Amino acid sequence: MKKLELIKIVITVLLCSLLVVPIILSNHSWPTHARNYLLANAQSDTGATNTVSAIYLGYRAMDTLGETLVLLVSVTGTMAILVKLGKEQTDEETTSFSLTPEKRPTNRLRTHLLETVASKLGPIVLLFGFYVMLYGHISPGGGFQGGVIVASAIVFLALGTEVKSKLTSTFVLSRIESLSFLLLILASISGVFFESGFFGNPIKSASSLSANFIILLNIIIGLKVGTSIAVMCIAMMGGSHDH
Amino acid sequence: MNIESLFLAPIYLPLLAAALLVSAKAFGQAGKTMDSMAFLIGLILPAVCLALLKPAIIAHQSVETVIGAWDTNLGIHYHFDGLSWLLIALHLAISIPVFLYSKSNPSHRESFSIIFFIQCASVAATSLTADLFNLFVCLEVMGVTSYVLIASSDEDGSVLASFTYLLFSATAMVFFLVGAFGLYRVTGSLSYALISQVKNSLTGADLIVAQMSLTLIVVSTLLRCAVVPLSGWLVGAHSKAPHAVSALLSGVLIKIPLFALIRLLLLVTASERIGSILAWAGGVSAAVGILLALREVQAKRLLAYSSVSQIGYVVAAYGLAIEVGLESERGALLIASSLFYAFCHAVAKALLFLSIGTATDALGTKDLSKARGATASLKGSGERVPLTTISYCIALFSISALPPTLGFWGKNMLTYLAKGHGSAYLLTITSVLTITAYLKLSVLFLPSKRPVVVMKTQSYGAIHASYLVLGLLLLGGGVFALPFKNFIITLLLPLGAVEASIMGYSAYSELAKTFLTLMLALFLTAISTNRYCKRLLAKFPVPKARFADLFFGYALALSVMAFQLVR
Amino acid sequence: MNILLLSLILALGVYALLAKDLLHSVIALSAISMLSALLFTILRAPDVAITEAAVGAGVSTVIFVWAIRHTQRRDKEEP
Amino acid sequence: MIIERILIALLFLSGFAAIVGMRNIIKKIFGLNLLNASVVLLFILEGSRIGNQAPILDADITNMVDPIPQALMLTAIVIGVCVSALSLALAVRLYKATGSLDIQVITERLQREH
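Residue numbers (our numbering), protein chains in the order written: chain A, 3 to 245; chain B, 2 to 568; chain C, 2 to 80; chain D, 82 to 195.
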């Protein structure tokens with residue numbers, strides 16, 4: 003029985019590799035016309051010098067919306083499971099982290115060093131996160147990456163004890179998250195009323211800053227991603243810091 | 002409002018509803034009013050938009066648009082035509098009653114509705130998209146919402162089902178990405194139209210790479226449709242999920258990817274080979290599914306197996322249509338009957354899941370060997386009009402293809418058109434066995450001598466509203482079946498289908514055939530409930546699906562498809 | 002250079018799958034993400050590098066560690 | 082050139098083999114992560130063959146790499162991480178329900194309940 007299972011697994015992997023490996027090894031030259039088009043037109047079309055941002059939030063913004071939805075749904079699902087787990091067990095034991103079973107609360111594992119460094123580092127990382135978020139259209143980075151950095155900054159603040167910040171309360175975070183999600187949907191729909199269609203740029207000619215829509219989307223997505231990941235991570239670290 | 006904004010409404014309006022619910026939840030404002038507002042925005046308004054679009058699609062208007070109004074090929078193309086209209090209409094027809102039903106369950110709070118609306122948007126996007134990578138994203142959104150909804154049940158089994166489905170389909174989606182890589186590499190594009198332009202001029206090694214990439218994409222998408230041998234995940238997932246979710250998943254979500262795939266299939270070379278495989282796969286799914294359903298003793302698992310069997314009908318007709326080509330008269334009729342039957346099955350299966358779910362909840366058991374007297378239990382739990390039993394009967398008639406319901410027309414037209422192909426025999430056998438299987442399920446509603454145990458009392462207002470919508474669709478559809486069918490054929494014309502009518506089809510001979518089928522099924526039921534026969538049946542080994550078997554089926558499907566395409 | 006990085010990634014990947022201690026596997030996966038980020042920088046993909054470093058090495062490690070903390074650290078074969 | 086692709090193919094296959102063959106569900110999720118990582122590496126590696134400059138439009142840019150795969154992979158990375166986060170949460174719930182990470186043991190214990 004065990005042998006049969008093994009043979010089945012080997013056949014499965016072999017058959018799949020027969021199909022996948024030729025595609026991976028294919029030697030056809032990589033197409034260039036998309037690159038050439040972007041080289042010539044990306045800046046005039048979208049106003050962004052970072053062509054990846056131009057695609058990510060311009061030409062293919064619909065994919066980005068889908069990705070944000072996946073994030074939202076998986077965070078919601080994970081949080082629902084976390085809540086269910088929290089109901090089942092109230093006292094936390096850290097048996098799994100130490101090889102010999104110990105019984106002490108999780109927060110005792112945090113040392114003074116960690117707390118001090120985290121709370122000092124938090125604001126700086128937060129600033130850096132916003133930089134990455136706001137300058138996504140001209141330099142590498144963007145809403146999503148900035149958002150994740152912001153999330154890590156919030157986690158730092160939550161770890162540290164020196165600074166008591168409202169930012170680490172899941173209550174505030176989930177409000178920011180929900181508002182930015184609403185804003186994202188409204189921003190994507192707004193084009194419908196300005197005759198540029200769904201996900202069209204509604205403020206194309208309104209301002210001198212040509213990348214305005216991309217900057218706007220970057221900020222909204224950054225806030226959305228940052229807060230939702232922060233909420234999840236804080237919940238995973240064992241409880242929110244509600245004051 | 003131009004036409005683009007109108008047909009994209011089923012995507013962005015549910016998203017708006019979801020966003021409103023998220024905000025309401027965060028600000029502590031969630032409640033009945035918010036729910037009804039979200040219902041209006043997310044489900045009713047899109048339906049209104051579809052109604053407004055009806056003149057355009059009857060005039061065969063098909064619109065290709067780039068999201069964000071970029072005048073270049075780099076943007077994401079969305080394609081609107083009769084097919085996408087029908088798919089979105091099908092989804093709305095099921096999701097409106099399902100949403101009503103879900104409100105009867107107190108454990109479905111805001112997060113359930115939020116995920117539900119996001120799923121609505123993803124279904125609409127999947128049926129509209131004409132871009133490979135966007136299809137990937139849409140399928141992922143659809144998948145993630147399904148995993149979460151399945152796991153939202155309180156049973157622990159649902160978590161395992163959700164986990165299995167997640168791991169299987171997430172792996173397949175990585176294969177999809179490899180396929181997208183291959184196609185982008187050899188064609189330099191991601192939109193269907195451009196891919197097909199370039200692909201027709203490919204030769205040699207490039208063509209093989211393109212065909213293999215296509216295989217990966219097609220099989221990974223078919224996984225969501227649960228065609229045998231890719232169906233191992235379905236039974237657990239659909240039987241353990243909450244009833245409303247089961248209805249939605251079994252009714253709609255296994256069919257949308259199939260029809261979304263048609264745009265891609267029509268564009269590529271040698272699609273008739275894929276068609277012939279699909280025709281056979283459909284027949285086999287139908288037979289295997291119903292055989293497994295026959296020996297199942299749990300109500301919802303039986304329904305889930307029957308879903309595998311019924312999707313087989315849809316896939317068989319779909320595959321045959323592609324094999325003979327949609328330009329031919331027979332192909333056009335076949336694809337229309339495939340879609341028509343998808344509609345019949347969606348409504349009937351949704352109604353079955355809802356009514357059986359309510360009945361088993363009232364009984365407190367799902368075991369068909371013990372559970373009896375559901376009608377009395379339902380009455381005990383506060384149902385004044387026995388609408389659950391009545392709607393179960395309507396759904397039973399429809400899925401067994403008995404007049405005067407929608408299913409009678411749907412299934413008979415489909416088997417009539419499939420005649421001549423080998424899988425048609427499998428389909429005919431399946432229709433006899435389907436009746437037997439559902440007769441076995443009907444014992445739930447037989448009167449019981451034991452005293453009625455009331456599990457819990459609840460109000461049946463929302464539940465009855467959902468029954469009424471679905472039941473009326475089945476009965477009304479049965480009365481207006483022929484105009485409905487002609488309407489579908491008209492809508493599918495821009496796909497390349499010709500104007501066609503059914504030749505030599507008479508309802509009287511079908512009635513006679515149905516009578517024969519019914520008699521045969523009753524006979525089989527009489528035999529199979531015999532003591533000796535039961536003992537004999539119990540000796541057959543139960544197929545025990547292990548995790549690795551899922552992937553074995555996947556690898557098998559991949560290699561068969563690749564062999565056919567590359568040869 | 003690319004080949005060196007890729008072989009390191011492959012070696013770490015195999016180690017992550019075979020290690021008996023799941024926490025070691027998580028560290029190996031985190032290292033894979035960092036090495037991929039390095040490789041992406043070399044391959045002129047700074048955006049992907051930032052994302053991989055932040056998401057792959059950061060967030061996913063947190064989630065993995067959380068999951069292991071709530072389950073068991075050893076990958077033991079059960080009879 | 083070809084060695085790089087072979088290495089990526091090996092990474093892909095080892096991830097896939099882990100998903101199919103490993104019994105520990107967390108190891109399966111590790112496999113899924115590797116699978117995702119290999120596809121991301123593949124896209125970026127092949128997309129960078131046609132140029133030698135980062136895709137940021139400075140004044141002197143003439144020969145940049147293809148930005149399309151990069152933008153696609155941003156989406157793919159995030160989706161991959163989201164899916165693995167969800168699957169880990171499910172795995173934790175399975176562990177709490179059955180006390181095991183072995184897929185066969187979990188299946189048996191959950192079936193026994195019925």
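Please keep in mind that the hints were generated in silico from the structure rather than gathered at the bench.
Quick caveat: nothing in here was measured; it's all calculated off a predicted structure.
Cβ atoms here follow ideal geometry from the backbone N, Cα and C, with glycine treated the same way.
The reader is advised that the hints may include incorrect statements.
[Claimed, not checked] Below, in silico cross-link-like pairs of lysine to any residue (SDA-like), each with a Cα-Cα straight-line distance of 20 Å or less: (1) A/Lys4 <-> D/Lys177; (2) B/Lys457 <-> B/Asp368; (3) A/Lys86 <-> D/Ser95.
[Said to hold, decoys possible] Covered, in the sense of this in silico footprint (three residues per stretch, anywhere, with C-beta under 8 Å from a C-beta of chain D), are these stretches of chain B: (4) 149-162; (5) 170-179.
Right, here's what the structure says about each hint:
1. For the given pair, lysine 4 of chain A sits about 27 Å from lysine 177 of chain D by alpha-carbon distance, which is inconsistent with the 20 Å threshold.
2. The suggested pairing of lysine 457 of chain B with aspartate 368 of chain B holds, with an alpha-carbon distance near 19 Å, which does not exceed 20 Å.
3. Using a Cα cut-off of 20 Å, the hinted pair lysine 86 of chain A and serine 95 of chain D is violated, with the two alpha carbons roughly 34 Å apart.
4. Beta-carbon proximity to chain D at under 8 Å applies to 6 residues in the segment 149-162 of chain B; the threshold of 3 is reached and the given coverage holds.
5. Coverage of the segment 170-179 of chain B by chain D holds. Counting CB-CB distances below 8 Å, 5 residues qualify, and the rule asks for three or more.
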